[in-house]
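Number of protein chains: 2
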Amino acid sequence: MRRTMIKNLSEKKGQEVKIKCWVDTVRFQGKMAFFDFRDVSGKVQGIIFGKPEVLESAKDLRNEWVVEVSGVINQRPEKNINKDIVNGDVEIEITNIEILNKAEIPFELNEDLNLDVSLDNRPYVLKSDKNRAIFKVQAEIVKGFRNTLNSFGFTEFQAPKIVGGDAEGGAEVYNVEYFKNSASLATSPQLYKQIMVGVFERVFAVGNVFRAEKHSTSRHLNEYSSLDFEMGFIKDHADVMDMFADVMRGIKKNLEENAKAELDFLKAEEILIPDEIPTMKLSEAQVLLEEKLGAENAIGEPDLEPEHERMLCDYAKKELNSDLIFITHYPVSKRPFYTYEDENDKGFTKSFDALFKGVEIVSGGQRRHDYDDLVEGMKMKGLNPDDFKFYLQAFKTGMPPHGGIGLGLERITQKILGLKNVKEAALFPREINRIDTLLNE
Amino acid sequence: MRRTMIKNLSEKKGQEVKIKCWVDTVRFQGKMAFFDFRDVSGKVQGIIFGKPEVLESAKDLRNEWVVEVSGVINQRPEKNINKDIVNGDVEIEITNIEILNKAEIPFELNEDLNLDVSLDNRPYVLKSDKNRAIFKVQAEIVKGFRNTLNSFGFTEFQAPKIVGGDAEGGAEVYNVEYFKNSASLATSPQLYKQIMVGVFERVFAVGNVFRAEKHSTSRHLNEYSSLDFEMGFIKDHADVMDMFADVMRGIKKNLEENAKAELDFLKAEEILIPDEIPTMKLSEAQVLLEEKLGAENAIGEPDLEPEHERMLCDYAKKELNSDLIFITHYPVSKRPFYTYEDENDKGFTKSFDALFKGVEIVSGGQRRHDYDDLVEGMKMKGLNPDDFKFYLQAFKTGMPPHGGIGLGLERITQKILGLKNVKEAALFPREINRIDTLLNE
Chain F
1 MRRTMIKNLS
11 EKKGQEVKIK
21 CWVDTVRFQG
31 KMAFFDFRDV
41 SGKVQGIIFG
51 KPEVLESAKD
61 LRNEWVVEVS
71 GVINQRPEKN
81 INKDIVNGDV
91 EIEITNIEIL
101 NKAEIPFELN
111 EDLNLDVSLD
121 NRPYVLKSDK
131 NRAIFKVQAE
141 IVKGFRNTLN
151 SFGFTEFQAP
161 KIVGGDAEGG
171 AEVYNVEYFK
181 NSASLATSPQ
191 LYKQIMVGVF
201 ERVFAVGNVF
211 RAEKHSTSRH
221 LNEYSSLDFE
231 MGFIKDHADV
241 MDMFADVMRG
251 IKKNLEENAK
261 AELDFLKAEE
271 ILIPDEIPTM
281 KLSEAQVLLE
291 EKLGAENAIG
301 EPDLEPEHER
311 MLCDYAKKEL
321 NSDLIFITHY
331 PVSKRPFYTY
341 EDENDKGFTK
351 SFDALFKGVE
361 IVSGGQRRHD
371 YDDLVEGMKM
381 KGLNPDDFKF
391 YLQAFKTGMP
401 PHGGIGLGLE
411 RITQKILGLK
421 NVKEAALFPR
431 EINRIDTLLN
441 E
Chain X
1 MRRTMIKNLS
11 EKKGQEVKIK
21 CWVDTVRFQG
31 KMAFFDFRDV
41 SGKVQGIIFG
51 KPEVLESAKD
61 LRNEWVVEVS
71 GVINQRPEKN
81 INKDIVNGDV
91 EIEITNIEIL
101 NKAEIPFELN
111 EDLNLDVSLD
121 NRPYVLKSDK
131 NRAIFKVQAE
141 IVKGFRNTLN
151 SFGFTEFQAP
161 KIVGGDAEGG
171 AEVYNVEYFK
181 NSASLATSPQ
191 LYKQIMVGVF
201 ERVFAVGNVF
211 RAEKHSTSRH
221 LNEYSSLDFE
231 MGFIKDHADV
241 MDMFADVMRG
251 IKKNLEENAK
261 AELDFLKAEE
271 ILIPDEIPTM
281 KLSEAQVLLE
291 EKLGAENAIG
301 EPDLEPEHER
311 MLCDYAKKEL
321 NSDLIFITHY
331 PVSKRPFYTY
341 EDENDKGFTK
351 SFDALFKGVE
361 IVSGGQRRHD
371 YDDLVEGMKM
381 KGLNPDDFKF
391 YLQAFKTGMP
401 PHGGIGLGLE
411 RITQKILGLK
421 NVKEAALFPR
431 EINRIDTLLN
441 E
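Sequence order for the protein chains is F and X. For the first sequence, the working numbering assigns the number 1 to the initial residue and increments by one for each residue that follows. For the second sequence, the working numbering assigns the number 1 to the initial residue and increments by one for each residue that follows.
So here's chain F without its partners, still in its complex pose (with noise of 0.2 angstroms):
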């Protein structure tokens, strides 16, 4: 007999099936038995009863244990019914119980935990009610995020993560020893994407990168996914933004049509993003912040505190209606070399943050796409353009204007679903301490 995946059973009722599962619960009472199964669908309740035979053969299980469960869909009774869950109307009438493997458990897995004591027991944790719904949400995401890309023409490319230099030219960054040189991981993909403007127009990665940053904080991974698109013929950063604004929209899309159980458990609130997406300059979010909303030390500064960017983001979703808020013309020497300078704003840059939910989500922008102009950038930061050589191929190769973004997903993920640290939206986090298991200083 074929397996029914048990969020079909109710569809079942009366017939004879078979399930392949967890067992999620168990009790054993006399000569009775009462069981949750879960599969990667759902749960559903199971019960041994009048049958001796099958109860000898179930008398070891205990949770997590993997069974295939023979048995008959009965209609609960009325009064047993629980209409808000999947399969809440009935329940598997077990006949035959086989046992695929055993298991032992270190604590109940619906259990809060700790931070520390879910990552050290993560391959056991990630199992959870909670934990599964967070990654199913988080691989939605992705499929938005791409899918939305998929039709506006991008064309995805595997961008490499072993290179010669740190392409962002500031983060900190981890050495590879590469036989008899030394190489370093990638920051990010940003000079692929750019190089492959100039072939397919519009790009985009989805892929690992690496920050060797030191502190280990709710906000920073030494390792996580970057989501990154990058697009050609631009007028200016203002395309950017419309085309993330759009992948946004996607993505909550998506999420709503295929992830909406898992919302709906871990209580995420409904994402707004209404059709004029919130944008200002970064020194009129500077007066904004210390005129209306009470901010000190704002006006002037190079950059947003976190502070700041909480508060412009509680002024957007109360006054205008969005979780998303762009800033714009952040100064050159906070940007990176290849970030556009505005002509008509001297000293600050096509450049933008988008602020999601309280913190930056994406840093984008206009780049510079002329040769002399780009290698200008280089010197400015005290770059030397000759580390640059095969990158800037590309530019003197016929380069269109053109501008792009990098969205952490592990970052969007906890916003989305208002996670209070990171690393609970990172399967397997990197710290400076920890590769999976603790690491001996």
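By construction, these hints were calculated from the structure, which means they are not laboratory data. Computed from a predicted model, the values in this text were never measured in an experiment. One or more of the hints may lead you astray.
It does not matter which identical chain is used: a pair holds within one copy or between any two.
Straight-line Cα separation of at most 30 angstroms, DSSO-like style, residue types lysine-lysine; simulated pairs [unchecked claim]:
| id | residue 1 | residue 2 |
| --- | --- | --- |
| 1 | Lys143 | Lys252 |
| 2 | Lys13 | Lys59 |
| 3 | Lys346 | Lys143 |
| 4 | Lys281 | Lys420 |
| 5 | Lys13 | Lys235 |
| 6 | Lys130 | Lys379 |
| 7 | Lys346 | Lys59 |
| 8 | Lys143 | Lys260 |
| 9 | Lys18 | Lys235 |
| 10 | Lys235 | Lys59 |
| 11 | Lys7 | Lys143 |
| 12 | Lys83 | Lys31 |
| 13 | Lys253 | Lys143 |
| 14 | Lys180 | Lys214 |
| 15 | Lys346 | Lys102 |
| 16 | Lys381 | Lys334 |
| 17 | Lys260 | Lys379 |
| 18 | Lys292 | Lys317 |
| 19 | Lys7 | Lys396 |
| 20 | Lys235 | Lys334 |
| 21 | Lys260 | Lys420 |
| 22 | Lys130 | Lys389 |
| 23 | Lys31 | Lys396 |
With chain F's structure known, arrange chain X on it following the hints.
Just chain X, lined up with the frame of chain F:
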């Protein structure tokens, strides 16, 4: 006026349009100028005639300059119509050209190049018709892989690249300086995708993996993109082979739907995947090789020689109309520690290689899901189970029978397109002496 993509121009006869593009070719002839313009969607012929001021503005244009061209779409004279190409029946009569960026090229873009020149000039050379076709096909291979697995209920996840040790236990690894510790780059997402089977039953990952192999051959890359899936609740390795065959069918279908023009341009042969994929044990393949195919020194060996793989593929194609052939039951000694040993054929594993058009593109099989059996596998390979404590948690806490595969993206791209060297199918191949530019020894 909005930009029209070049592929849509023949629908605009008699209309004014604006295109944004590269100068693909240019020829000045007295008071006239003739162009081919190229954007990501196609090419079109352009002409300047009887417009001295436009001619003057265009006089510096050379190949690969980036331009915005306004003009009128004219039907070409009957004798000049080329029905075999997109826009072969139209040309754009240019009324204005705006220069977006200039270019200076090292050689003609579509020249035949040797591999070293191609790699030295990658950011430029990737723009050639051939390379754009290769990497469009590659993007569609990934899309076909992903869409097929999504349709079968697989969940995508991002596997970490910085790892504590070598998952495959044998491949050569790159060391990473990880703060005060040492770490390495993942040679495969294997251990993580097995852990994720405990979470989502069916999972896949697309990402780069790293092999510190010192030899530089036409078959090897030091960093490549691996397409991996893993599925729970299987009966044995045959379920995995069936799923992989379906994935290949999905890739083929997606290519035919979305990259037909590129396959034709590259003269790719049709991919033959019959309903029944030829499948034989290694020992049977070795007998076939010696008794029917004229090979020597095959029987009794623990693995196939590259020449044997080619002979078996030739046989499968000619005799069984298949580009794909599965070889199963490699000896325990030749497979990683997690490979499932066949109860009915001791010393041999429920593993397989998929050979495709002459070469192995996939390694896969059923895995050991029983904790004790897995620990036994580690010990047999001389590995210390204490080094795998994190991974083993998944096997202690309820792991279903499962199996999966890893597919090299560049290698399958190479074979589908009949390219001589796998590096031709890698955007930015890493070699022992090259990370984009040549390294100093």
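Hints, verified against the model:
1. Lys143 - Lys252: Classified as both: same-chain Cα gap 11 angstroms, cross-chain 21 angstroms, threshold 30 angstroms.
2. Lys13 - Lys59: Within one copy only: 27 angstroms inside a chain, 79 angstroms across chains, cut-off 30 angstroms.
3. Lys346 - Lys143: So Lys346 and Lys143 fail the 30 angstroms test inside a copy (39 angstroms) and across (43 angstroms) alike.
4. Lys281 - Lys420: within (29 angstroms within a copy, 53 angstroms between copies)
5. Lys13 - Lys235: Answer is between: at 27 angstroms across copies they meet the 30 angstroms cutoff, but 60 angstroms inside does not.
6. Lys130 - Lys379: The answer is neither: 49 angstroms in one copy and 35 angstroms across copies each exceed 30 angstroms.
7. Lys346 - Lys59: For Lys346 and Lys59, neither the intra-copy (76 angstroms) nor the inter-copy (32 angstroms) Cα distance is at most 30 angstroms.
8. Lys143 - Lys260: both (14 angstroms within a copy, 24 angstroms between copies)
9. Lys18 - Lys235: between (59 angstroms within a copy, 14 angstroms between copies)
10. Lys235 - Lys59: So Lys235 and Lys59 pass the 30 angstroms test across copies only (25 angstroms; inside, 70 angstroms).
11. Lys7 - Lys143: So Lys7 and Lys143 pass the 30 angstroms test inside a copy (22 angstroms) and across (28 angstroms) alike.
12. Lys83 - Lys31: within (28 angstroms within a copy, 80 angstroms between copies)
13. Lys253 - Lys143: both (11 angstroms within a copy, 20 angstroms between copies)
14. Lys180 - Lys214: This pair counts as both: shortest intra-copy Cα distance 27 angstroms, inter-copy 11 angstroms.
15. Lys346 - Lys102: Only across copies: Lys346 and Lys102 sit 24 angstroms apart there, 67 angstroms inside one copy, limit 30 angstroms.
16. Lys381 - Lys334: within (10 angstroms within a copy, 52 angstroms between copies)
17. Lys260 - Lys379: neither (50 angstroms within a copy, 45 angstroms between copies)
18. Lys292 - Lys317: Answer is within; shortest intra-copy Cα gap is 15 angstroms, inter-copy 74 angstroms.
19. Lys7 - Lys396: Between copies only: 26 angstroms across chains, 57 angstroms inside a chain, cut-off 30 angstroms.
20. Lys235 - Lys334: Answer is within: at 23 angstroms inside a copy they meet the 30 angstroms cutoff, but 57 angstroms across does not.
21. Lys260 - Lys420: Only inside one copy: Lys260 and Lys420 sit 21 angstroms apart there, 48 angstroms across copies, limit 30 angstroms.
22. Lys130 - Lys389: Classified as between; 24 angstroms across copies, 48 angstroms inside a copy.
23. Lys31 - Lys396: between (81 angstroms within a copy, 29 angstroms between copies)
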